[in-house]
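Enquirer: Now for the letters of each chain:
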Amino acid sequence: MQILLVEDDVEAARHVGSGLQEAGYEVQHCADGAAGLAAAQAARFDLLIVDRMLPHVDGLALIGALRQQGVPTPVLVLSALGTVDDRVEGLRAGGDDYLVKPFALAELLARVEALLRRASGDVHHVGVLRVADLELNVLARRVTRGGREIALTAKEFQLLEYLMRRVGQVVTRTMLLESVWNLHFDPQTNLIDVHISRLRQAIDRGFEVPLLHTIRGSGYVIREPGAAP
Amino acid sequence: MSAPRLRSSTARLALLYLCGVVVGVTALLWTVFLLTQRAMDRQVDLVIQTEIESLREDYRGGGLQRLVDVLDQRVDDWGRLGAVYLLLDPQGAQLAGNLSSWPHVLAPQGEWREFDISASEHGREVRHPVRAALVALDGNRLLVGTDLSERRRFMGRLRTTTIWGIALTAALMALTGWWFSRRVAGRVRGVAQACERIISGDLSRRLPLDQSFDEFDQLAGAVNVMLDRIEHQTAAVRATFNSAAHDLRGPLHRIRARLESVLHTVPANDARSSAMEATLADLDRVQQTLAMLLQIAQAEAGGGVAPEPVDLAQLARELCELYAPEARERGIHLAVHALRPALVSGHQQLLAQLCTNLLENAIKYVPGGGHVEIQVRGAERHAQLIVGDDGPGIPDAARETMLLPFRRLERDAARPGSGLGLSLVAAVVRLHHGRLELSDNHPGLRVSCTFPTI
Numbered sequence: 001m002q003i004l005l006v007e008d009d010v011e012a013a014r015h016v017g018s019g020l021q022e023a024g025y026e027v028q029h030c031a032d033g034a035a036g037l038a039a040a041q042a043a044r045f046d047l048l049i050v051d052r053m054l055p056h057v058d059g060l061a062l063i064g065a066l067r068q069q070g071v072p073t074p075v076l077v078l079s080a081l082g083t084v085d086d087r088v089e090g091l092r093a094g095g096d097d098y099l100v101k102p103f104a105l106a107e108l109l110a111r112v113e114a115l116l117r118r119a120s121g122d123v124h125h126v127g128v129l130r131v132a133d134l135e136l137n138v139l140a141r142r143v144t145r146g147g148r149e150i151a152l153t154a155k156e157f158q159l160l161e162y163l164m165r166r167v168g169q170v171v172t173r174t175m176l177l178e179s180v181w182n183l184h185f186d187p188q189t190n191l192i193d194v195h196i197s198r199l200r201q202a203i204d205r206g207f208e209v210p211l212l213h214t215i216r217g218s219g220y221v222i223r224e225p226g227a228a229p
Numbered sequence: 230m231s232a233p234r235l236r237s238s239t240a241r242l243a244l245l246y247l248c249g250v251v252v253g254v255t256a257l258l259w260t261v262f263l264l265t266q267r268a269m270d271r272q273v274d275l276v277i278q279t280e281i282e283s284l285r286e287d288y289r290g291g292g293l294q295r296l297v298d299v300l301d302q303r304v305d306d307w308g309r310l311g312a313v314y315l316l317l318d319p320q321g322a323q324l325a326g327n328l329s330s331w332p333h334v335l336a337p338q339g340e341w342r343e344f345d346i347s348a349s350e351h352g353r354e355v356r357h358p359v360r361a362a363l364v365a366l367d368g369n370r371l372l373v374g375t376d377l378s379e380r381r382r383f384m385g386r387l388r389t390t391t392i393w394g395i396a397l398t399a400a401l402m403a404l405t406g407w408w409f410s411r412r413v414a415g416r417v418r419g420v421a422q423a424c425e426r427i428i429s430g431d432l433s434r435r436l437p438l439d440q441s442f443d444e445f446d447q448l449a450g451a452v453n454v455m456l457d458r459i460e461h462q463t464a465a466v467r468a469t470f471n472s473a474a475h476d477l478r479g480p481l482h483r484i485r486a487r488l489e490s491v492l493h494t495v496p497a498n499d500a501r502s503s504a505m506e507a508t509l510a511d512l513d514r515v516q517q518t519l520a521m522l523l524q525i526a527q528a529e530a531g532g533g534v535a536p537e538p539v540d541l542a543q544l545a546r547e548l549c550e551l552y553a554p555e556a557r558e559r560g561i562h563l564a565v566h567a568l569r570p571a572l573v574s575g576h577q578q579l580l581a582q583l584c585t586n587l588l589e590n591a592i593k594y595v596p597g598g599g600h601v602e603i604q605v606r607g608a609e610r611h612a613q614l615i616v617g618d619d620g621p622g623i624p625d626a627a628r629e630t631m632l633l634p635f636r637r638l639e640r641d642a643a644r645p646g647s648g649l650g651l652s653l654v655a656a657v658v659r660l661h662h663g664r665l666e667l668s669d670n671h672p673g674l675r676v677s678c679t680f681p682t683i
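If you read the protein sequences in the order shown, they are chains A and B.
By the numbering used here, the letter at position 37 of the first sequence is numbered 37, and the numbering carries on one by one without gaps.
Basically the numbering used here = 1-based index in the second sequence + 229.
Hints in this document: simulated from the structure, not taken from any laboratory.
Cβ atoms here follow ideal geometry from the backbone N, Cα and C, with glycine treated the same way.
Errors might be hidden in some of the hints.
Unchecked claim - Covered by chain B, according to a simulated footprint, are these stretches of chain A (three or more residues, beta-carbon under 8 Å):
1) 3-12
2) 76-83
3) 97-108
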C-alpha cells in the first residue's frame, strides 16, 4: 500500500512515517503543498495524508485541485485547528476523514486502515453479519449468539453493527463517537469504555471464546476466534 | 394606520403634523369662507339701503304717485335682475311692485325680512330666497328686497370648495406622512437587520448607505467605520488564536510523537513506561483545554458554518443515552424528559457540546445516589433545555462569575476540570441568541438555556 504524506513539520512527519512503515505501508513524504500536489499527480497512491496548513499550497487547496482533476484517492486531513468549522471545511474540500493534532499514532493507524478498507470496498454491506457464532440481522434488528437471542438497546445494536462491519479492524473511541453518536469532539469522561463493557457483557458473557477485544492504547476490535491480533 | 405602524416614531410624528396642518388649514379656509359670506351679506344690505334711500328721495320729491311710477318702471327694467318691490297702502291694497302678496315672514329682525317667494320658470315652480327691508312712508308700507339665489349658489360652491380644499390637504399630508414614515422606517429596519446579522457574528456586514448623505447616511457611515475597526481587531484576535493553536499543537504533537516512540521501546512493566503514560494523559488534558478554548473563541466569533435545524429533544435523548451507563456506574439516577420535538436553528456540534458539558458537570459533582434530570420543553416561540441536579450546587454569589473562563469553586480545586465548561455553554447560548440562567434547584444546580425556536 502506497501512502503519500504531505506534512511540513519534519519531526512529526518522521514519526508518522516510521509508524506507518512499521505497520507495513510504503510512505513517500513531501514537506510542502506544491511538492505534495506534484507528487500526487505524478504517481498513484492508495491514500493521501495531508496537513491543513502547508507552505506554498494550502492543504485544502491541494485536495481541491486533486478532486477537480478527478483523483479519487482517499484523503486523511491533519489539522492543528480542530474546531467544528475547520473539520467541516476539511471534509467539504474533499477530505474523507479528519484528525486533529496532536493525535496518538494508534488513532492515525486505525483511521488509515479504515479509509483503505473503505476504498477497497472491504466493509460488509450485507444484511446479516456473522462473526463465529455471533449473528446480527440488520433488517430484523436481531442479535443471536450460538442461537441464543441477545437483547440490546438501539445504540448497543448500532455499536455492534459498526464493529461487525469492520471485523478484524481496530476501531478507536473517537471513531465510535463520530460514527455512532455523531459527536465530533471529545467528551471529558471516557464514555465509550462503559458502553463497550456493557456490550461485551451482552455478547461475550457465558461464552468460552471472547469476540470483542480491547486493544490497549488504541481501541476495540471484533475478531474471528483464532485470527491474528 | 394600524397599531404596529403607530409604534414607529416617524409615523407618530407624521400623524401629529397631519393633525396640526389639518386644523390650521380648516381654520384658515373656514375663516375666509365666513368673511366672504359676511362681506356679501353686507353688500346685499348696502344695495337695498341705497335703493331705499333713492326711493325715499323720489317719494319726498313727487309724492306717492311718483313713487308708484318709479316702482312700475323699475319692475319693468330690473324685474329680471332679481330686485323685489312691494308698496301697500295703509289698508293693505297693492299700489305697486312685483310681489303678488305680502310675504309670510317667519322671523322678522328689525326692519329686515328674509323669506322665500315662488316663481314659475319654464313651467316649473322654483323657490327663490329673498332678503328685504321694510320701510313705512306715511302709513304706506314699502318692501324693497333682492333675490339671494345667485349668492346662495355662490356661497354653496365656496363652501364645497373649502371642504374639498381641507380634505385634499389632509389627504396629501397623510400620503406624504405615510411615505416619509415608511421611508424612515425602511431605513431603520435595514439598519436593524444589518445589526442583527452583525450581532450574530457576521462582522463583515455593514449598515446600508443610500448615498443621500443625510443624517442616516452620516450615522451609518460612522457606525461602519467603527465596525471596520472591530472586524479588524476580531480578525487579528482570531488569527492570533489560530496561530496560537497551530504553534501550541505543533510542539504538543512532537512531544507526543517522541513519547510514543520512546514508549514503544520500553517494556510495559517498566517504571518509565507508567511515567510516560501519565505524561501522555496530561497531554490529552492540555489538548482538551486547548480544544475547548478554541471552541469558545469560535462560538464567540459567530460559529462559522451555516446554522441548520437541530432538534434539542432528540439531542437530549441521545446524549442522555450516551451518559446513562456512566451515570449508572456512579450510582446516579439520570432521567430525560424530552418527548416533543423542539427545533432550533443552530450548530449541531456546538449544541451537543453544550449538552455534554452540562451533563458532565452534573454527573461529576452529584454524589452517588443523587439525581440528574435533563428536560426539553418546546413552547410556541422558545425551546428550553434544562439540566437540574441535587448535588452541591453553586453559591448565589458565585453563579455569574462561574461563566467566565477558568473560574472554579475553591471546593472543587482538587477535582479534575478545566473551568471552561460553563464558559463554552455561555458562549454557545449567546451564539444562538438564547438566554442562560443558573439557579438554585433546592438543592443543587439548575441550568436553563432558552432558545428561540424556528
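Enquirer: If a hint holds in the structure, say so; if it doesn't, say that too.
Expert: Here's how the hints hold up against the structure:
For the stretch 3-12 of chain A, the assignment as covered by chain B holds, since 3 residues bring a beta-carbon within under 8 Å of that chain's beta-carbons and 3 suffice. Coverage of the stretch 76-83 of chain A by chain B holds [criterion: at least 3 residues with CB-CB distance below 8 Å; count 4]. For the stretch 97-108 of chain A, the stated coverage by chain B is satisfied: 6 residues place a CB nearer than 8 Å to a CB of that chain, which reaches the threshold of 3.
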